[in-house]
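One-letter residues, chain by chain:
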Amino acid sequence: MLEITHLIKSYGDAAPVLKDLHLKVEGEQVVSVIGSSGAGKSTLLRCINRLVEPTSGSIVLNGTEFTTLGKRELRTARRRIGMVFQSFNLVDRLTVMENVQSGRLGYISTWAALTRNYPKDDIRRAFELMERVGIAQYANKRTDELSGGERQRVGVVRALMQRPEILLADEPTASLDPKTSEQIMGLLRDLASELNLPVIINIHNVGEAKEYSDRIVGMRYGKIIFDDLPAALGTEEMDAIYSGTPADERPSMGAAA
Amino acid sequence: MTNQTTLDSWARYTPQQRFQRYAAFALAALTISWSLSSIDVIWAWVWDAPEQMLDLFSRMIPPDPRNLPSILEAIWQTINIATLATAIAVVVSLPVAYIAAQNTTPNRLALWLGRFILVSSRSVNTIIWALLFVAIFGPGIIAGIVAIMFRSIGFLGKLLGEAIEEIDPKPIEALEACGASRFKVVLYGIVPQVAPAFFAIAILRWDINLQESTVLGLVGAGGIGVILQGAIDTFNWPEVAMVLLTILALVVLGEMISSKLRSKIL
Amino acid sequence: MSTVQDHWQKPPFIENKLLRYGLYIVVFGYLSVTLVTLPVNWQRVAEGMERASRIFGGAFPPSFERSGLLIDGFLESLKIAILASVGGILLSVPLAFMAAKNISAKPIYLLGRGLIIIARSFHPVIVAIIFVKAVGFGPLAGVLTLIVYSIGFVAKLLAEKIEEIDFGQVEAMKSAGAPFLSTIAYAVFPQVMPRLVGLSIYQLDSNLRASAVVGIVGAGGIGATLANAFGRYDYDFALAITMVIVGVILISEAFSGVIRKRIS
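Protein chains in written order, with my numbering: chain R, 8 to 264; chain A, 298 to 563; chain S, 107 to 370.
Worth flagging that the hints you see were computed from the coordinates, not collected in a lab. Heads up, a few of these hints could be off.
Claimed, not checked - Derived pair list, reagent style DSS-like, types lysine-lysine, alpha-carbon separation capped at 25 Å:
no. : chain 1 : residue 1 : chain 2 : residue 2
1   : R       : Lys-127   : A       : Lys-481
2   : R       : Lys-78    : A       : Lys-467
3   : A       : Lys-561   : S       : Lys-123
4   : A       : Lys-557   : S       : Lys-123
5   : R       : Lys-127   : S       : Lys-116
6   : S       : Lys-239   : A       : Lys-557
7   : S       : Lys-207   : A       : Lys-557
8   : R       : Lys-127   : A       : Lys-467
9   : A       : Lys-557   : S       : Lys-280
10  : R       : Lys-78    : A       : Lys-481
11  : R       : Lys-148   : A       : Lys-467
12  : R       : Lys-127   : A       : Lys-557
Unchecked claim - Listed next, with one range per pair, are the computed distances between beta-carbon atoms:
no. : chain 1 : residue 1 : chain 2 : residue 2 : range
13  : A       : Pro-493   : R       : Ala-238   : 48 to 56 Å
14  : S       : Ala-158   : A       : Ile-562   : 22 to 30 Å
15  : A       : Ala-325   : S       : Glu-121   : 39 to 47 Å
16  : A       : Phe-354   : S       : Ala-284   : 33 to 41 Å
17  : R       : Leu-121   : A       : Trp-409   : 25 to 33 Å
Predicted, not measured: the structure shown is a model, and the values here were computed from it. Think of the CB as a built atom: it goes at the ideal place given N, C-alpha and C, for glycine as much as any other residue.
Sequences and hints are given; from them, build the entire structure.
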């Protein structure tokens, strides 16, 4: 269970980007966070594993308080949080297997990492997961030879290799075409229930958010102003979340709306 | 007929532009005439120079290949100096580049230390390094290797540091999010990204070092330069010509090999 | 799930096993043979450490007592660099046109290319030694050396630039019936001029560096002053000279960088 309370993040003297947030995620829930760009979605996600340092507040994952961890403890704790990125953030010149195994870097010895001599269990798990998402045949290929959708699958497998207790996805489909992005969203939803894993997804496409998640969180100016089931998200709520955004720049509600 | 301008004159530049250009030309002319008038040469020698050159070259023909075995042995030594020095310098320059790159340096002190090493290595020419190391180690190949190495560290470290500064930071963020230690982030995030630049830079420097190694012998630091100096001192011009031809072949061959290797990597 | 693979190896850099291990053996063999046969005289090296401490001890503090000599040496280096740059550029322009494939006839092209390769292949110090023998010690040999050095760099890059030009303009001039030299002056020169200016400034900077070096073998300038100081064991003066050389090189590098940025 992840519990965020009184989370505040500000840069310098400027107005805070996150203003006193509260969020609780548990079970195998898929939670989509929506909101216009600049609402603080990405900052929220990065505060959870402290890629961005929170200014104040508390973040507790299954009993561990994250905000007070020292450098070394944080490194150990980060293994418990998997993260998937908008631009995949893979190391292009390494093979798919090396990228996937880099999710285990926190666990294996430096020598094993250097010689690419990975533990048998890790290799087996990697092949299982790659088989599951359909990229096992690319294990020896360099990631820059893959298509966008395939690369994001590598990113997902890398995060799952950590055996995380929660998965964070920062705009995982924003660099993909509509069809591929539906596939990735479906994959994230299915993996959540198969692995009994809560997933938090930042997403721009409200249609996909409604279709693939169990719960939707709407952010506006660093505050959570909507937190309910997808079905409860109507035109009025959409207007509140995206007010001030010109109509033609708003994300479409999709077919599900 | 009142205010019609006749367009029968045309100038490319406005008066101000023209003035700037004239000023620049005048400055250049002044500098050149200052250099010409005050330089310490005997002008009779200058007019005599083409004749002297022709005379010298005519003495070089035909080149004398009798000493070729020892010339080739010295060339082999030259290649070894360049190769060993490049190999050692590459290894030494890695940590220097790491601390001299803005995005990987551990702290400001290390950054300035790294920069200081790079600048001092780069600004002192190989020959000056060689003078110093011949004085320390005595004449021979060791002084040559160390001299070439000292000069190369600055070159390699600077270019490699720039390559490190240009890497994509996103995969690094991802590896940090996985909980990887600093060293493993370097191993998986930085090393693969700079590897192609690393090899290209090392090959480039090897090519340069091949040429630099040919002159080390002139200050006593081993290689083909020793034979060249000896032949010049004894006015054995046909052998000088032979040495020059082998150097030409060595440098051209080195350039061909390095461009071939470079195209293999990229 | 016992069928799942639990073994993985990174695909090797070179697929062919024979080639790969052959390469390892060659590299290892080369390194061990050359390293083992290095004529290291450890006693000499040990003495060298002592000598090094004497050199460095004698070098500190650097002595600027004979700064008159230092300034004279520098001014001479500067003059050598300026005159060599002017001469080198004047010669580089026709040579670059000769060595441009799209302008010259084949035999002229080969001649131009050959001259450039020769100018590039010899380290300036070797060229300097030859000139010192031919025209005597002093700045004249330095100027001649650096002219050759400038040609090797400026003519090569200028020729490459000429080969890249937009040939349509040349055809336009030709179809207007312009003679060869006018075609060059109006259709080619304007296209390569910015590059030539940039190269010239860069070359002035690198000639100044090189002039400090060729002096060591007798071609005048600050290098000669340095070699003399070193030869007379005046290590404190030698250090002073080296420090000034490094300083001037850094300043001239920054200066030429600024000028080139403003031009482009």
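Status of the hints after comparison with the structure:
1. Between R/Lys-127 and A/Lys-481 the CA atoms are separated by roughly 20 Å; this keeps the pair inside 25 Å, and the hint holds.
2. The suggested pairing of R/Lys-78 with A/Lys-467 holds, with an alpha-carbon distance near 20 Å, which does not exceed 25 Å.
3. Only pairs whose Cα atoms come within 25 Å are accepted, and A/Lys-561 paired with S/Lys-123 is accepted, the gap being roughly 19 Å.
4. A threshold of 25 Å between alpha carbons decides the hint, and for A/Lys-557 with S/Lys-123 the separation of about 22 Å falls inside it, so the pair holds.
5. For the suggested pair R/Lys-127 and S/Lys-116, the alpha carbons sit about 14 Å apart, so the restraint of at most 25 Å is met.
6. Restraint check for S/Lys-239 and A/Lys-557: the C-alpha separation of about 37 Å exceeds 25 Å, so the hint is violated.
7. Straight-line distance between C-alpha atoms of S/Lys-207 and A/Lys-557 comes to about 22 Å, which keeps the hinted pair within the 25 Å bound.
8. A C-alpha spacing of about 29 Å is found between R/Lys-127 and A/Lys-467, which places the hinted pair above 25 Å, so the restraint is violated.
9. The straight-line distance between the Cα atoms of A/Lys-557 and S/Lys-280 is roughly 39 Å, outside the 25 Å bound, and the hint therefore fails.
10. The suggested pairing of R/Lys-78 with A/Lys-481 holds, with an alpha-carbon distance near 15 Å, which does not exceed 25 Å.
11. Proximity of R/Lys-148 to A/Lys-467 is assessed by CA-CA distance (about 20 Å); at most 25 Å being required, the pair is judged to hold.
12. Restraint check for R/Lys-127 and A/Lys-557: the C-alpha separation of about 40 Å exceeds 25 Å, so the hint is violated.
13. Separation of A/Pro-493 from R/Ala-238 is about 52 Å and conforms to the stated range, judged on CB atoms against 48 to 56 Å.
14. In this structure the hint that S/Ala-158 and A/Ile-562 lie 22 to 30 Å apart at CB is violated, the actual value being about 38 Å.
15. Between A/Ala-325 and S/Glu-121, the C-beta spacing of about 59 Å breaks the proposed range 39 to 47 Å.
16. Look at A/Phe-354 against S/Ala-284: about 39 Å separates their beta carbons, and that is inside 33 to 41 Å.
17. Against the hinted window of 25 to 33 Å, the Cβ-Cβ separation of R/Leu-121 and A/Trp-409 comes to about 30 Å, which satisfies the hint.
In the structure shown, a violation is registered for the earlier hints numbered 6, 8, 9, 12, 14, 15, in ascending order.
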